[in-house]
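Model the full assembly from the supplied sequences, consistent with the hints where possible.
Protein chains in written order, with this note's numbering: chain G, 1 to 416; chain C, 417 to 832.
A hint or two may mislead.
[Unchecked claim] Okay, derived cross-link-like pairs now, PhoX-like style, lysine-lysine, Cα gap no bigger than 20 angstroms in a straight line:
#1 G/Lys370 - G/Lys396
#2 C/Lys490 - G/Lys74
#3 C/Lys786 - G/Lys102
#4 C/Lys602 - C/Lys475
#5 G/Lys370 - G/Lys322
#6 G/Lys102 - G/Lys295
#7 G/Lys370 - C/Lys518
#8 C/Lys780 - G/Lys102
#9 G/Lys367 - C/Lys553
#10 C/Lys783 - G/Lys102
#11 C/Lys553 - G/Lys364
#12 C/Lys783 - G/Lys137
#13 G/Lys364 - C/Lys518
#14 G/Lys102 - G/Lys137
#15 G/Lys137 - C/Lys780
#16 C/Lys518 - G/Lys367
#17 C/Lys738 - C/Lys786
#18 C/Lys475 - C/Lys711
#19 C/Lys711 - C/Lys518
#20 G/Lys396 - G/Lys367
#21 C/Lys812 - C/Lys786
[Unchecked claim] Calculated from the model, a selection of chain C residues having no Cβ within reach of chain G, i.e. all distances over 10 angstroms:
#22 Ser623
#23 Ala675
#24 Lys731
#25 Ser753
#26 Arg817
Derived from the structure by calculation, the hints contain no laboratory data. Yeah, the Cβ is synthetic: ideal placement off N, Cα and C, and Gly gets one too.
Protein chains: 2
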Amino acid sequence: MERLPGFRDFYPEPLPDPNAWSADLRRHVFDAWRDSARRYGFREYDGPPLETLELYTAKSGAEIVGQLYNFTDKGGREVTLRPEMTPTLARMAGAHDRQYRKPLKWFTIPQLFRYERQQKGRLREHFQFNADIIGEKAAAADAELMALLIDSLRALGLTRADFMLRLSSRNAWQEFFNRRCADAAKAYDFYQAIDKLEREAPAVSESRLVALGFSLDEVRAFIAAGQPTEELQRILDDLAMRGLADFVKVDYGVIRGLAYYTGPVFEAFDCQGEFRAIAGGGRYDNLVQLVSNGKVDLPALGFGMGDVVLTELLKARGLSPKNVARLDAFVLIEDESLRPDSLKLLQTLRDAGLAADYPLVAAKSDKQFKRALEANATHTVRLERSAAGSMMARIKQLAARTEEVVSVTEVVRALQ
Amino acid sequence: MERLPGFRDFYPEPLPDPNAWSADLRRHVFDAWRDSARRYGFREYDGPPLETLELYTAKSGAEIVGQLYNFTDKGGREVTLRPEMTPTLARMAGAHDRQYRKPLKWFTIPQLFRYERQQKGRLREHFQFNADIIGEKAAAADAELMALLIDSLRALGLTRADFMLRLSSRNAWQEFFNRRCADAAKAYDFYQAIDKLEREAPAVSESRLVALGFSLDEVRAFIAAGQPTEELQRILDDLAMRGLADFVKVDYGVIRGLAYYTGPVFEAFDCQGEFRAIAGGGRYDNLVQLVSNGKVDLPALGFGMGDVVLTELLKARGLSPKNVARLDAFVLIEDESLRPDSLKLLQTLRDAGLAADYPLVAAKSDKQFKRALEANATHTVRLERSAAGSMMARIKQLAARTEEVVSVTEVVRALQ
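Now the structure itself:
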């Protein structure tokens, strides 16, 4: 039996085939994300992987349904596997608005789902680091969020040579739009045209823009000028105070596709231009109000960073760690009469917090040693009786190829 | 908009209401599970939350569909949110049998799903720690797996006074059955009757058993005798070598409901008898062969431990940790002219791996301090200019109420 198309299995390393996804690399990425969030004072939350379809159609309209992994459940409810986390967050924050002091700084690492019928071979799920700040209008919040994004990528070993953030503004584009067009109903289509500029042939973009009353040249001139608005300048100044100015440039070529963004928006991208955007986010000051049916009105902003592009980038830059899983000790049992004492020692090691393994059944010496090497053990430990008849432990450090013989009570200390 | 019935939101502590689920407690449990698996040399894997319906009906028959969160996807496939992890593991291990040396020791922490139409208020999802050993027939593997289960519970602060394992054997029940009944087709119904003994009225059990040709008395006598089989005795001896004998007793009242178990089976339960089983597992030596359509034949065993009963038990025993999220430093900014230097310091602290937060916008002194307390900060740090004009940092340790003033370059060291 096969797994469903577009879904992934995650295997322990060494991987069974070069195209398999690594559970160890995923763990490495999740740990870096979580630790970065901790350093920034963000708190973890989570919601259900399944939500009502209405949670997404309310803000994005019915056309989004074509991309959702939605279905009718056995109770007749219209439901969907979550395509993104922001509506869930808005629902949760809206439901308990009064119980939490603002601003909230929250993060989560959900698995997200899309179903696009026509695109075969494309993944239908991915994991995404989501960090959001709720309840603060000031540009300081945008800077804090972007700083977290920068440091999450640095925590994985990526540097300024590998990635940058492009900072843009829905407000700047809104002004651009308002100066030239009085029909607010066209704004969404205009944003979509800007969002597609870098991915479409110029002729296609031009015809989209002309149909809306704009020219490709004036749009390109606005992007090329790249003058930061006051709002963006405040963000840049804040990041400069942190020593992170080098990681950000203003680039109005970014606008972000989602309908609900309201202010500054940004993307992280790889400097060599090989990959799709690594992460993206921005302000969505109206969404909490929309999702809470007007009960709670809170400014908010957030970003999402997926695991797929990021792990491709880490592998391309040689930043995928090797042999992350490690045993502190492999307990060799060459004399089966020592199995009871060896199991007792094993338990002592594990009780002390050490990672320890052993041969479940009697096995030849060289087979046991091979297993210790495969398990990436730093030491082997073998019990033996001294000439005087007392029980001793022979500890071999595998990298240094050094050996020592200690009493059984000294093994934990010798391994630490 | 509301979340779907039977699904949970996980909030950061302090919780917005007493019935809310804690993301911090969930993290505490996941960390203990993962660290226990690491100490035992188990490697992490994961599969898709959505699988083909066939993966489950192949081994359990069509009647299981009534309990599944299944649906037809947009591509016309019969799919289901995974109700358990074992078939996915058997599928994954079967697909790459030759690439991994046996035995495999693998773990995962999936979210699992059930849909039972009639039971309102019951959860439709939970998280489950799954650990499995694949490719070893010897009783040593059963003992190793049960030792991991015991130590996973001890890692959360539970002791022998809180929980025990009941060890039973499908083989022992099979023999019991074979001695009295020649119709193998009745065996599954007989196991189901044994499984329900403790949850049903005696009269109901009696009529079930009599219909199959057994009496309640002979079944009860067999359970009361509780003689360990040779196979179970080997497991008990192995656990005794580890010093874990006290945590296990033979109890044929356990049989486990799932059809695919083949040998020893076990459950962890709370000693006060307040909760449903904390965990359960056993051998399923035929499942890998079944799921791989006969291509791979590997003995296997595993357990699952859900988060719901476990967190209820931890809370009931006072073992739910308080204030797990912690800031190393809250940087107070009382003089806004010091904001640039304060942000620089903040970045230095975070770069050093410390968890640090600060006021995003200008705020009154007491409000900032309150925020530091709410965030469970161990220290506040405030920049100030010395009389000589140099920049100093005043560090307050909040628990001890002690203060020191150090130079800006000394702050990281003072906080570590």
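Okay, the hints, checked on the actual structure:
Our distance criterion of 20 angstroms between C-alpha atoms is met by G/Lys370 and G/Lys396, whose separation comes to about 14 angstroms. For a cut-off of 20 angstroms, the pair hint linking C/Lys490 to G/Lys74 stands: about 16 angstroms separates their Cα positions. Of the pairs offered as hints, the one joining C/Lys786 and G/Lys102 holds, with about 12 angstroms between alpha carbons and a cut-off of 20 angstroms not exceeded. Our distance criterion of 20 angstroms between C-alpha atoms is met by C/Lys602 and C/Lys475, whose separation comes to about 17 angstroms.
This hinted pair checks out: G/Lys370 and G/Lys322 have alpha carbons roughly 18 angstroms apart, not beyond 20 angstroms. As the CA atoms of G/Lys102 and G/Lys295 are separated by approximately 16 angstroms, the hinted pair is consistent with the 20 angstroms bound. Taking the CA atoms of G/Lys370 and C/Lys518, the gap is about 12 angstroms. The hint holds against a cut of 20 angstroms. Proximity of C/Lys780 to G/Lys102 is assessed by CA-CA distance (about 15 angstroms); at most 20 angstroms being required, the pair is judged to hold.
For the suggested pair G/Lys367 and C/Lys553, the alpha carbons sit about 18 angstroms apart, so the restraint of at most 20 angstroms is met. Under the criterion of a C-alpha separation no larger than 20 angstroms, the hint pairing C/Lys783 with G/Lys102 is consistent with the structure, at around 12 angstroms. Of the pairs offered as hints, the one joining C/Lys553 and G/Lys364 holds, with about 18 angstroms between alpha carbons and a cut-off of 20 angstroms not exceeded. Distance hint between C/Lys783 and G/Lys137 is fulfilled; the C-alpha atoms sit about 18 angstroms from each other, no more than 20 angstroms.
Between G/Lys364 and C/Lys518 the alpha-carbon distance is near 15 angstroms, which keeps this suggested pair within the 20 angstroms criterion. Of the supplied pair hints, the one linking G/Lys102 and G/Lys137 holds, its CA atoms being roughly 11 angstroms apart against a limit of 20 angstroms. A hinted pair counts as satisfied when its Cα atoms are at most 20 angstroms apart, and G/Lys137 with C/Lys780 qualifies at roughly 18 angstroms. Among the hinted pairs, C/Lys518 with G/Lys367 is consistent with the structure: their alpha-carbon atoms are about 12 angstroms apart, no more than 20 angstroms.
About 18 angstroms separates the Cα atoms of C/Lys738 and C/Lys786, which keeps this hinted pair within 20 angstroms; it holds. Distance hint between C/Lys475 and C/Lys711 is fulfilled; the C-alpha atoms sit about 16 angstroms from each other, no more than 20 angstroms. Restraint check for C/Lys711 and C/Lys518: satisfied, since their Cα atoms lie roughly 16 angstroms apart, inside the 20 angstroms limit. Only pairs whose Cα atoms come within 20 angstroms are accepted, and G/Lys396 paired with G/Lys367 is accepted, the gap being roughly 16 angstroms.
Restraint check: the Cα-Cα separation between C/Lys812 and C/Lys786 comes to about 14 angstroms, which is no more than 20 angstroms; the hinted pair holds. Every C-beta of chain G lies more than 10 angstroms from that of C/Ser623, the closest at about 31 angstroms, which supports listing it as non-interface. At roughly 17 angstroms, the least C-beta separation between C/Ala675 and chain G is larger than 10 angstroms, which holds for a residue marked as non-interface. For C/Lys731, the shortest C-beta to C-beta distance to chain G comes to about 19 angstroms, beyond the 10 angstroms cut-off, and the non-interface label holds.
With a least beta-carbon separation of about 12 angstroms from chain G, C/Ser753 lies farther than 10 angstroms from that chain, consistent with its non-interface assignment. Here C/Arg817 stays apart from chain G, with its beta-carbon at least about 22 angstroms from theirs, past the 10 angstroms limit.
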